[in-house]
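Protein chains: 2
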Amino acid sequence: MRQVMDRQLIHGFLEQHELQHTFPNALQERIRLYHFEKGETICTEGEQLNQMYFLVKGKLKIYTVSTEGRSRLLRFKNPLDIVGDVEYLKKNLVFNTVEAVTEGDLMGISYEDITRLAYDHPPFLQFLLEEVTHKFYTESNASTLNHLNSVETRLASYFLSTATTEKSTLFYQEMKTTNLKDIADLIGTSYRHLNRVIKQMCEEGIIEKKSKRIYIKDHDLLRERAHGNIYE
Amino acid sequence: MRQVMDRQLIHGFLEQHELQHTFPNALQERIRLYHFEKGETICTEGEQLNQMYFLVKGKLKIYTVSTEGRSRLLRFKNPLDIVGDVEYLKKNLVFNTVEAVTEGDLMGISYEDITRLAYDHPPFLQFLLEEVTHKFYTESNASTLNHLNSVETRLASYFLSTATTEKSTLFYQEMKTTNLKDIADLIGTSYRHLNRVIKQMCEEGIIEKKSKRIYIKDHDLLRERAHGNIYE
DNA sequence: GTGTTTTTGGGACATATGTCCTTTTGATGA
DNA sequence: TCATCAAAAGGACATATGTCCCAAAAACAC
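Top to bottom, those sequences are chains A and B.
At position 55 of the first sequence (counting the first as 1) the number is 56 in the numbering used here, and the numbers step up by one without a gap.
At position 30 of the second sequence (counting the first as 1) the number is 31 in the numbering used here, and the numbers step up by one without a gap.
Check the hints yourself; a few may be wrong.
Stated by the list, open to error - Below, a sample of chain A positions facing chain B; criterion: calculated Cβ distance under 8 Å:
| id | residue |
| --- | --- |
| 1 | Val87 |
| 2 | Leu126 |
| 3 | Leu129 |
| 4 | Leu149 |
Worth flagging that the hints you see were computed from the coordinates, not collected in a lab.
The model shown is predicted, which means the values in this text are computed figures rather than measured ones.
Even for Gly, the Cβ is constructed at its ideal location relative to N, Cα and C.
Using the sequences and the hints given, assemble the complete structure.
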């Protein structure tokens, strides 16, 4: 991850994401822009973090690995998600490893600057509050879904949540930046079992694998298998 | 749940929990105090909520039930936890059912009053932000723990997190206000399997059941079984 | 194009765990 | 004290799911 010396670009991102009112002026002048490449580790579990990062371009994944070598993929991050917010608020080391799925850009603000210049600024606090609340909501939703449902239901739900429309056909596009291992780690199953469930769904005509993509063939049946749940 | 007309008591709770600065004065005069009895449902999943409740006395449990009848116990709430904060911020109906484990008291503040009188008040925003962040942290921690570990590890971790010291013996006291069904719903297993794991741990000399309590007999072995995890 | 590494796919086997049901124990109310 | 209900305990059986391993296909680097 390298710093990009480009004040114009920073202001461009602030405008693009409508953050001029969220960040007090004094804070805006202290923002740093960083560029990352695909596969780079942004920060590692257990590490000390001194900045809060606002993702303005690209995609990240958040994961953790247990001592036994099992992995959990907590979520993906898209703009305008934040890295290091909870670590700032809980005054803790990094909780989970953050890795780049694509190349992209982050705006960094030091924790000191945030405390001095923004922690009394209602628009910033409101922004942070809404961000953490959303994160909590999605975590809680996913957690409950995982808790109460089988892998099949979770997978169906996952497909529904990431489906996009191309022409008149729904398909699941994350395959381009997500491999099956990541999906297994996200919905909480082994790679092997995921394969089984995917195979079964193909045989039942619910989905179809073609050209590195998974197409939804029977949307109603998929929704039925999801039991009304959607990962969010 | 019935309202208690006692301004003195409200101010007593504000002092006890050091909230005088968190809540702007105008807001403090609009706080309502409610009393609840053990077993009462404070609010139900899917219901419309108009107030944010601050728990000042007693204990609550938060749970949800799937369409198939499976239950998940998300967490317990103690003073000064909040009910209705995420619903306020996400502008949504109640996500999970809240039920009283003991009798107690709640201070209620209408969403309108919060928006008018406190959503620009930095101390209140900071308080809310720290509360939601903590909630997110514990949810994420529990979720990862559940994801990556067996029921045995989760149960061991649970015992460690609720253990208290009496004399020189560590024991697990939540049994008094928590039944085995709740524990099963919390760590994400069936009641039957929980019984098996508890029985096994008793046979191995890790814990001992006596007088409606579970005593930790071998703290080191328990910590080993928890794999260094603690529910929080 | 070739060689290497990574991702996908699937067989075989084991077991952690859930469902269903029954019995026992303990708590509660009259 | 007795009757009823709820919580705890446990048997029997089934299966969802994980581990381990190997083969095939795809991606990547030179």
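Would the hint on Val87/A be counted as holding, given a Cβ-Cβ threshold of 8 Å to chain B?
6 Å, holds
Interface hint status, Leu129/A versus chain B (Cβ within 8 Å)
At about 6 Å, which falls below the 8 Å cut-off, the nearest Cβ of chain B leaves the hint on Leu129/A intact, so it holds.
With a cut-off of 8 Å on the beta carbons, see whether Leu126/A makes it to chain B.
4 Å, holds
Would the hint on Leu149/A stand, with a C-beta cut-off of 8 Å toward chain B?
4 Å, holds
Hint compliance for this structure: every hint is met.
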